[in-house]
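Asker: Protein chains in written order, with the numbering used here: chain Z, 721 to 940; chain U, 721 to 940.
Hints were generated in silico from the structure; no laboratory data involved.
You may find that some hints are simply not true.
Chain copies aren't distinguished; within one or between two, either way the pair holds.
[Stated by the list, open to error] Think about it this way: if two alpha-carbon atoms lie no more than 27 Å apart in a straight line, the pair counts; the simulated DSS-like pairs of lysine-lysine are:
1. Lys722 / Lys738
2. Lys930 / Lys758
3. Lys926 / Lys758
4. Lys844 / Lys930
5. Lys920 / Lys754
6. Lys738 / Lys758
7. Lys916 / Lys758
8. Lys937 / Lys826
9. Lys758 / Lys731
10. Lys920 / Lys822
11. Lys844 / Lys754
12. Lys785 / Lys722
13. Lys863 / Lys826
14. Lys754 / Lys799
15. Lys844 / Lys913
16. Lys826 / Lys926
17. Lys913 / Lys799
18. Lys722 / Lys826
19. Lys916 / Lys754
20. Lys738 / Lys785
21. Lys913 / Lys863
22. Lys731 / Lys799
23. Lys937 / Lys754
24. Lys799 / Lys722
25. Lys758 / Lys885
26. Lys822 / Lys863
27. Lys754 / Lys930
All values derive from a computational prediction rather than experimental measurement.
Protein chains: 2
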Amino acid sequence: MKVLIIGAHGKVGQRISKAMRASEDFEPTAFIRKEEQKPLFEEMGVGTVVESLENTPEAIGEVIKNYDAVVFTAGSGGKTGHDKTMEIDLDGAIKSINEAEKHGVKRFVMVGASHSDDRSYWGKVDGMKPYYTAKHYADLELKRSSLDYTILRPVLLTDEDEAGKVLMTETPDEVGSEIPRQAVAETVLSVLKDSKTYGKVIEMSKGEDKISDALAKVCS
Amino acid sequence: MKVLIIGAHGKVGQRISKAMRASEDFEPTAFIRKEEQKPLFEEMGVGTVVESLENTPEAIGEVIKNYDAVVFTAGSGGKTGHDKTMEIDLDGAIKSINEAEKHGVKRFVMVGASHSDDRSYWGKVDGMKPYYTAKHYADLELKRSSLDYTILRPVLLTDEDEAGKVLMTETPDEVGSEIPRQAVAETVLSVLKDSKTYGKVIEMSKGEDKISDALAKVCS
């Protein structure tokens, strides 16, 4: 499966790239923004394509059309302004979704954000409302599309090397407060080829289950 | 026709309120954000309801459901941050659209922004990209709805007392650079009861036609 990882240079994206490189099931390509991000992926043995989510839909589509699946894990990050949140997390995501649909790239895995369908939560974390708004509307576009999508919605991401055990639920009411990025990355690989996860929105945190068991529970 | 003017305290909103008060065809109510904005409308003889677009969809719906039509002319304004652009111009607008649909308030007139479907234009005016992004996606939600909508897309707004002559087109290629707010306000009144304007997106600037003639040309 040829997979385009949009946002591959991010902390989750790098973990996904590495895990796919180590798997026989995937042929990953890193969608990156800058030439200077290339060597990191060359060392990993992962191919790259340099393009920007700020470019036209057509330019983004020209990249996407060459793959079997898209993983969207880009984010403007906490250091940029809310203008970039709108440009990357909202418009960049929606352009990617629309172009995947246009070019018949049916499989789309979105790395979203827990609680992003719960407006009462958006104001609870200072300065995060624009981020949740963007993630909410990007996910809504994906849910309205004809794509075979899976939306993963992790809580606050941490940097442990191990994925550990997880909790996956359909609603965010029971999730914990943290989850390792590694768990999210490994879940992306697990869901990509699993048609039972099509059309599912999965809120996730640390928990008591192996990823495969957690997925089986929430996608039964 | 009982009309709810969301964003009535804005410069376009005040002109719409006044014009409706002077007409026998409309019973306007000003949707305003603050108690201290009330006296202005009381002096005008226009009723008010104090509510916030930052409130829940349900709270906004409880207001909207009492009217025959909604005019949306709210905007976070140039002085606030991009977070407010997302909260008001994007999420506030979409909540209003969704609630109008939910409560069967079929008629919806949006005061949008010229060029907001032309991404190549968004970056041309410094700092305006988030605004255009918000207007684009709010309008898209309206176009996807089952509402009897009309979207007016004026260029840069000016403060002349007179509406003057206008140009209305389906695409922004030929529009000029400015338009009086008074022309936008009078156009809102003209389109509200005109079913030929349902489902139309109208880019508008100063021009050579009377409002009625310009509408007839673009909505034939």
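Asker: State for each hint whether it applies.
Answerer: Verification of the supplied hints:
{"no.": "1", "hint": "Lys722 / Lys738", "verdict": "within (14 Å within a copy, 60 Å between copies)"}
{"no.": "2", "hint": "Lys930 / Lys758", "verdict": "neither (33 Å within a copy, 58 Å between copies)"}
{"no.": "3", "hint": "Lys926 / Lys758", "verdict": "neither (32 Å within a copy, 50 Å between copies)"}
{"no.": "4", "hint": "Lys844 / Lys930", "verdict": "neither (30 Å within a copy, 50 Å between copies)"}
{"no.": "5", "hint": "Lys920 / Lys754", "verdict": "neither (32 Å within a copy, 41 Å between copies)"}
{"no.": "6", "hint": "Lys738 / Lys758", "verdict": "within (14 Å within a copy, 60 Å between copies)"}
{"no.": "7", "hint": "Lys916 / Lys758", "verdict": "neither (34 Å within a copy, 55 Å between copies)"}
{"no.": "8", "hint": "Lys937 / Lys826", "verdict": "within (24 Å within a copy, 42 Å between copies)"}
{"no.": "9", "hint": "Lys758 / Lys731", "verdict": "within (15 Å within a copy, 50 Å between copies)"}
{"no.": "10", "hint": "Lys920 / Lys822", "verdict": "both (21 Å within a copy, 25 Å between copies)"}
{"no.": "11", "hint": "Lys844 / Lys754", "verdict": "between (34 Å within a copy, 23 Å between copies)"}
{"no.": "12", "hint": "Lys785 / Lys722", "verdict": "within (11 Å within a copy, 49 Å between copies)"}
{"no.": "13", "hint": "Lys863 / Lys826", "verdict": "both (13 Å within a copy, 25 Å between copies)"}
{"no.": "14", "hint": "Lys754 / Lys799", "verdict": "within (18 Å within a copy, 33 Å between copies)"}
{"no.": "15", "hint": "Lys844 / Lys913", "verdict": "neither (35 Å within a copy, 42 Å between copies)"}
{"no.": "16", "hint": "Lys826 / Lys926", "verdict": "neither (30 Å within a copy, 45 Å between copies)"}
{"no.": "17", "hint": "Lys913 / Lys799", "verdict": "neither (34 Å within a copy, 48 Å between copies)"}
{"no.": "18", "hint": "Lys722 / Lys826", "verdict": "within (12 Å within a copy, 46 Å between copies)"}
{"no.": "19", "hint": "Lys916 / Lys754", "verdict": "neither (36 Å within a copy, 49 Å between copies)"}
{"no.": "20", "hint": "Lys738 / Lys785", "verdict": "within (23 Å within a copy, 53 Å between copies)"}
{"no.": "21", "hint": "Lys913 / Lys863", "verdict": "within (19 Å within a copy, 35 Å between copies)"}
{"no.": "22", "hint": "Lys731 / Lys799", "verdict": "within (15 Å within a copy, 35 Å between copies)"}
{"no.": "23", "hint": "Lys937 / Lys754", "verdict": "neither (40 Å within a copy, 48 Å between copies)"}
{"no.": "24", "hint": "Lys799 / Lys722", "verdict": "neither (32 Å within a copy, 46 Å between copies)"}
{"no.": "25", "hint": "Lys758 / Lys885", "verdict": "neither (32 Å within a copy, 56 Å between copies)"}
{"no.": "26", "hint": "Lys822 / Lys863", "verdict": "both (15 Å within a copy, 19 Å between copies)"}
{"no.": "27", "hint": "Lys754 / Lys930", "verdict": "neither (36 Å within a copy, 52 Å between copies)"}
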